[in-house]
Amino acid sequence: DSGVTQTPKHLITATGQRVTLRCSPRSGDLSVYWYQQSLDQGLQFLIQYYNGEERAKGNILERFSAQQFPDLHSELNLSSLELGDSALYFCASSLDSSYNSPLHFGNGTRLTVT
Amino acid sequence: DQQVKQNSPSLSVQEGRISILNCDYTNSMFDYFLWYKKYPAEGPTFLISISSIKDKNEDGRFTVFLNKSAKHLSLHIVPSQPGDSAVYFCAASAASSGTYKYIFGTGTRLKVLA
Numbered sequence: 082d083s084g085v086t087q088t089p090k091h092l093i094t095a096t097g098q099r100v101t102l103r104c105s106p107r108s109g110d111l112s113v114y115w116y117q118q119s120l121d122q123g124l125q126f127l128i129q130y131y132n133g134e135e136r137a138k139g140n141i142l143e144r145f146s147a148q149q150f151p152d153l154h155s156e157l158n159l160s161s162l163e164l165g166d167s168a169l170y171f172c173a174s175s176l177d178s179s180y181n182s183p184l185h186f187g188n189g190t191r192l193t194v195t
Numbered sequence: 289d290q291q292v293k294q295n296s297p298s299l300s301v302q303e304g305r306i307s308i309l310n311c312d313y314t315n316s317m318f319d320y321f322l323w324y325k326k327y328p329a330e331g332p333t334f335l336i337s338i339s340s341i342k343d344k345n346e347d348g349r350f351t352v353f354l355n356k357s358a359k360h361l362s363l364h365i366v367p368s369q370p371g372d373s374a375v376y377f378c379a380a381s382a383a384s385s386g387t388y389k390y391i392f393g394t395g396t397r398l399k400v401l402a
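The listed protein sequences derive, respectively, from chains A and B.
Per my numbering, residue 82 is the first one in the first sequence, and the count goes up by one each step.
Per my numbering, residue 289 is the first one in the second sequence, and the count goes up by one each step.
Among the clues, some could well be false.
Claimed, not checked - In silico EDC-like links for lysine to aspartate or glutamate, alpha-carbon gap of 16 Å or less: (1) Lys356(B) with Asp343(B); (2) Lys356(B) with Asp312(B); (3) Lys138(A) with Glu156(A); (4) Lys326(B) with Asp82(A); (5) Lys90(A) with Glu330(B); (6) Lys342(B) with Asp319(B).
Said to hold, decoys possible - Covered stretches of chain A (chain B as the covering partner; in silico rule of three or more C-beta atoms under 8 Å from a C-beta of chain B): (7) 123-131; (8) 187-195.
Unchecked claim - Every beta carbon over 10 Å from chain A, so not counted as near; a handful from chain B, in silico: (9) Asn295; (10) Gly304; (11) Arg305; (12) Thr314; (13) Asn315; (14) Lys344; (15) Glu346; (16) Asp347; (17) Leu354; (18) Asn355; (19) Gly371; (20) Ala402.
It is worth saying that the hints were derived from the structure and are not from the lab.
Here the structure is a predicted model, which means the values were calculated and not measured.
In this text, a Cβ means the ideal position worked out from N, Cα and C, and glycines have one as well.
Next up, chain A with everything else stripped away, as it sits in the complex:
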């Protein structure tokens, strides 16, 4: 158990809808990362937060947004969903935002857009 909690585990929704994925980091970790894994793809970096502030952005679509709250949990909002957004979404946390601070991953949220 990595200590990172993601909810829900599975999500099925229709195109055009909006969903929110939630992540609670490991106790003591200040940094939260979101990654997307599509079929047969690697983990694509979406966005990173550190202590409530956005620290880095990857290939995150404008339809996607995220935030980290004062209690350090994070939410990833996906709107105007398309079939291609179907993927596994992973949240990871680390102690700080340094480049050599290993990430600890949650078990992911599997999103299916129909």
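We have chain A already, so just place chain B on it with the hints.
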């Protein structure tokens, strides 16, 4: 552009033998590398890391080798066990980028045959 490449999608090895998983990168600014293991329905789990100031790091049955001139790293598992069967991801980061994000490869599925 895939900055971190794992060119072998799968690998089968006999129990007790050595497993060698390879990873190539293109960005010469990467200076910290990690290997993660992923079982089905779980998030990736951190295995071992190496800084660019080293060329080898060992942790039990796992050893990571880094060849900076070739922009290549490898993970050796000796001896391989059936429980090692999983997908292995390599990842890289660059302190100088200022973003501290990890770039992942597409993974290699290792199957250890009993």
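Here's how the hints hold up against the structure:
no. : hint                     : verdict
1   : Lys356(B) with Asp343(B) : holds, 8 Å
2   : Lys356(B) with Asp312(B) : holds, 10 Å
3   : Lys138(A) with Glu156(A) : holds, 15 Å
4   : Lys326(B) with Asp82(A)  : holds, 13 Å
5   : Lys90(A) with Glu330(B)  : holds, 11 Å
6   : Lys342(B) with Asp319(B) : holds, 10 Å
7   : 123-131                  : holds (count 5)
8   : 187-195                  : holds (count 3)
9   : Asn295                   : holds, 12 Å
10  : Gly304                   : holds, 29 Å
11  : Arg305                   : holds, 27 Å
12  : Thr314                   : holds, 14 Å
13  : Asn315                   : holds, 13 Å
14  : Lys344                   : holds, 17 Å
15  : Glu346                   : holds, 17 Å
16  : Asp347                   : holds, 12 Å
17  : Leu354                   : holds, 14 Å
18  : Asn355                   : holds, 19 Å
19  : Gly371                   : holds, 17 Å
20  : Ala402                   : holds, 27 Å
In this structure, every one of the numbered hints holds.
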